[in-house]
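Undergrad: Fit the two chains together into the complex; they arrive one by one in their own frames, and the hints show the way.
Chains as they are written, first to last, in my numbering: chain A, 148 to 446; chain B, 692 to 1017.
Hints are computed from structural coordinates only; laboratory data are not their basis.
The C-beta atom is built at its ideal place from N, Cα and C for all residues, glycine as well.
It is possible that some hints are incorrect.
Said to hold, decoys possible - Anything over 10 Å on all C-beta distances counts as not near chain A; from chain B, calculated:
no., residue
1, LEU756
2, ILE761
3, PRO768
4, THR774
5, THR779
6, LEU781
7, SER786
8, PRO823
9, ILE840
10, GLN901
11, ALA903
12, LEU927
13, MET954
14, ASP957
15, LEU959
As the list claims (entries may be wrong) - Computed list of chain B residues with no C-beta within reach of chain A, every gap over 10 Å:
no., residue
16, SER719
17, ALA783
18, ILE860
19, SER915
What the hints assert, rightly or not - Residues from chain B that face chain A, not an exhaustive set, calculated with beta carbons under 10 Å:
no., residue
20, PHE739
21, ILE810
22, LEU812
23, GLY846
24, TYR847
25, GLN851
26, ALA945
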Amino acid sequence: MSAQATAAVPSPDVWRASQVRRRWSGWLFYGLAVVSTLMGLVMLGALLFDIFTDGARQVDWHFLSNYPSRIADNAGLRSALLGSLWMLAFTAIIAFPLGVGAAIYLEEYAPDNWLTRFIQLNIANLAGVPSIVYGLLGLGLFVRWLALGRVVLAGSMTMALLILPLIIVASREAIRAVPDSLREGSYALGATRWQMVRQTVLPSAAGGILTGTILALARAIGETAPLITIGALTYVAFDPNGPLDIFTVLPIQIFNWVSLPQKEFHSLAAGGIVVLLVVLLTANSLAVYLRYRMQRRLQ
Amino acid sequence: MNNWRSAPRAQPTADAAAHQPDGFELASSRRDSLRRKLVERSVHAVLFLCAVISILTTTGIVITLLGETIQFFGEVPIVDFLTGTRWTPLFASKSFGVLPLVNGTIVVALVAIVVAVPIGLLTAIFLSEFAPARLRSVVKPVLEVLAGIPTVVYGYFALQFVTPILRDIFPQTQIFNVASAGIVMGFMILPMMASISEDSLRAVPSDLRQGAYALGATKFEVVSRVVVPGALSGILAAIILSISRAIGETMIVAIAAGLQPQMGFDLLRSMETMTAYIVQVSLGDTPQGGIEFRTIFAVGTLLFVMTLVMNLLSDLLVRRYREAYE
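If we strip away everything but chain B, and leave its shape as in the complex, we get (with noise of 0.2 Å):
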């Protein structure tokens, strides 16, 4: 390491000061702390511009889907927006009630839920409370790489393995349908459920375990009535942050569920989301600058509010448990 040479640069100050009071030397050793001054200064000054970029990337997110958002607004009320129930912005005859797309959002989104949740929340009981270290330390590692997979991979997945299994069971299946993007996208959070579940289970101070191994629990007790009662908010904050992040996902849907915002509930049915509507425009061929093409500002907005919301609220529940045990 030439590292060496740079470091004894900065004793001679003091040295020198203290037994060779020579013009030249002093001169030099003051321009030497000047220039050390004013290198520390300015590295201070672009590392913190470093860490200011994050905010400049939220104002910057703000901004962009505000000013667009507000000019879409001056068009259509917002009311309009918030609870109509046709969504047509690319056809001849025009409506811009978001709600379809909305819907379409919640549904999916409530699919992955019912399927990353229990298995999720079982999965992490198992890694947690049952599975021997060496296993786990097996397992885990090889559930994270389904969370690595792109989403272009699951929507293939979906679209072409899934989906037939469901046609073959229920022949009314559509091609696009809800169901096989629900669930393949269950399985896509499948792993943040299961890590952040794990992570509170295993915050439970084993005191409480054992306190109720002491009074004759079975394992199944002590799971059920100490273990994951020690651990809800944390869990509830895993279910939060599976939501959010099903409602933001894309590519799944958009390759899975189709591009036909309706409202309802049968999941055999192709419906649109909110995401999959932003690139249905993106690959369109809307001119920019147009009301069809402000559209996909609102939704991103709506998209934008609805995750941070969800976002914060998961964090103030995480931060809740922390204090609990500490």
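Excised from the complex, chain A in its bound form (with noise of 0.2 Å):
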């Protein structure tokens, strides 16, 4: 290069001087991706650590086994907790069967056709659509319409709604998944589409389709807008026991108790929440599992 130095070719020292300048501009560059990638690990940390730290006294079986209070001391979770299990089973009812055979059409029995895309670019649409209008849509369509009030079946309905497009991607990838020569071989023993695809596609895309429904279900344990817009209630000192009877859930709880003014009950949220942390952490451990499990299987 050097030898065939022309007028264009700027001077040694101006050279070195853009070569310092670029291998630097090279290192800030580096330092400032490798510092924002730990910006978002330092406030994972920050905000775990802030939270155990406030919480992690609170939670205990008194804690765990009370009503809530307007006394701090004797303030608990019990009515929260088994809010969130009411509405999490019927939710869990309603929304695998309806997502999982929504998945099975796409993949399996849909043709390639307007409708089809339709369906598709719909459900795109409204995995995208902010969690407080599925609110209003369950206020109008399920309290309302239905008239079913603000109980536990509403919210489950609402929610089931709201993570249907969840469970439906993640399924429809597991079935994806699924090799055609299966598919190919179960039609050479001569099996009809369903049987195909019951004997062979779900057998094998069943780690898939549970992982994903597991952590929709995640999702649905820590949503709390569309709940508050439906008319769950803040304060229950009493056990829901069934899908039709009023009801709180553990995120409402925590909102509750942030949103009041007195110290005491901050405290109270934070443990509430390392609750909702640990059931999260639980559920989202138990589908990490499924996935290593059946990839193990399928190999």
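TA: See the structure below:
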């Protein structure tokens, strides 16, 4: 290069300076990228640390088994925990079959036409609708129009619609991952389409479907806004005993405690968050474990 | 697996017809195949209905929102709603100008974007261009944890951890303020921003990178002049999706940003967003059926339209960059 130096090529000094500048900007950029990545991790660490130092000592049997109370020392999570469990159970019962059914239809049955494409576009868009809009839907459709009132079932149906796109997308991916050779083998043995799906595709895709469903249900446990909108209560001092009882859930109870001005209640909120995070962590670990086991079995 | 028991039943149709034209066998196999056809048809129909639920959901959202909103606009002129700068539907002297809520929503979303976009993009660049595979496989799932934390938890964190820090630095900060909610919301949407950007960075073919290296470019120059421009439409899609997520986010703002609808850009003051207003009315004792209660559907419609437009736009962008390289 230097041998062919012409008037257009900068002098060695200028060239060296530009080399130094280029090297430095490279290091600077690398540093920025590392720092940015660390910031996300540090924030996560700060959040978990803050919450566990505030809340861990709140969590004991007394806290889990008492009803909420105006006196912070007596307050507990009992009704919120039970409400979350009831809500979750019915959400799963409604959303799981619908989501898996829709996924099977789209992957194994749907013809390639405008209706199918419309359904797919629709599911993609539903995944982006703010959760509070689902709350307005639940309020208009289930609480008022079906006249269910502010009960567990109305909450579950709202939540089921909210997580349906998640279950459908995850299940479709799991079904798509089943190799076609299995399908053809099943057909070759004389199976009809449904026999093929039921005996070949679903057993192979079960791990992925289950993992996706657990993650979707984890999302439902943590959602607050739609349930506030349909009118779930913030103060419940009795056990909800079925789908037609009024209820509250864990995140709403936490929200209620955070919104109170007294400091004692903020500690209670942190305690509630610890319980909520432990539940979510368990669900997520279960999902990861299932995925790992299924991957090993397929290999 | 006892599946084997039902599978062989499928075969007798052909066999029986071939070497045993016995009347009884024939009738039973015909009944069998008729039954199977019926099962197939009904399964198909049921599965189709499951898929159609998604269309019904969208229809339900539109009808619920529009029904109440049209009634609302029967009492409040739509122009007043969209251009008014005073939002006091719960007061004795009522005004229905939604702009303060829109203002609050946009300001919070802007703060979140200012946090999430640079950090998310740089994280994506680090993960896709710099990090060794093993480091990436650890960092990525840990960052995903941020996306799985319930928003009410972020709200607590904003109010109890970030706000006190802000008040130490800027003493005039109000307890409920936009900055704290926006910053925390930025970290909530960070994983989504990073993960979509990373996907589009990885979609840039490595030929382009190698070509640039061959011309003597440094890593920084390859990333900033080849990879990022090549992934631009995907990155834009990620930004739009992040804005849409920030606008629809509810619990962080309801807890940490306060309930005072007002115009302006003072980040250290309290503002009310559209979503926080819906929560406020839902929690209160506003009687259902009145004009006050109907406001939440009008606000919800506006929110739905805003996020829908942005989601469609980002969908369009993602599709475009996919076509560019495949």
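Undergrad: Quick one: which hint numbers does this structure break? Sort them smallest to largest.
TA: 1, 9 and 19
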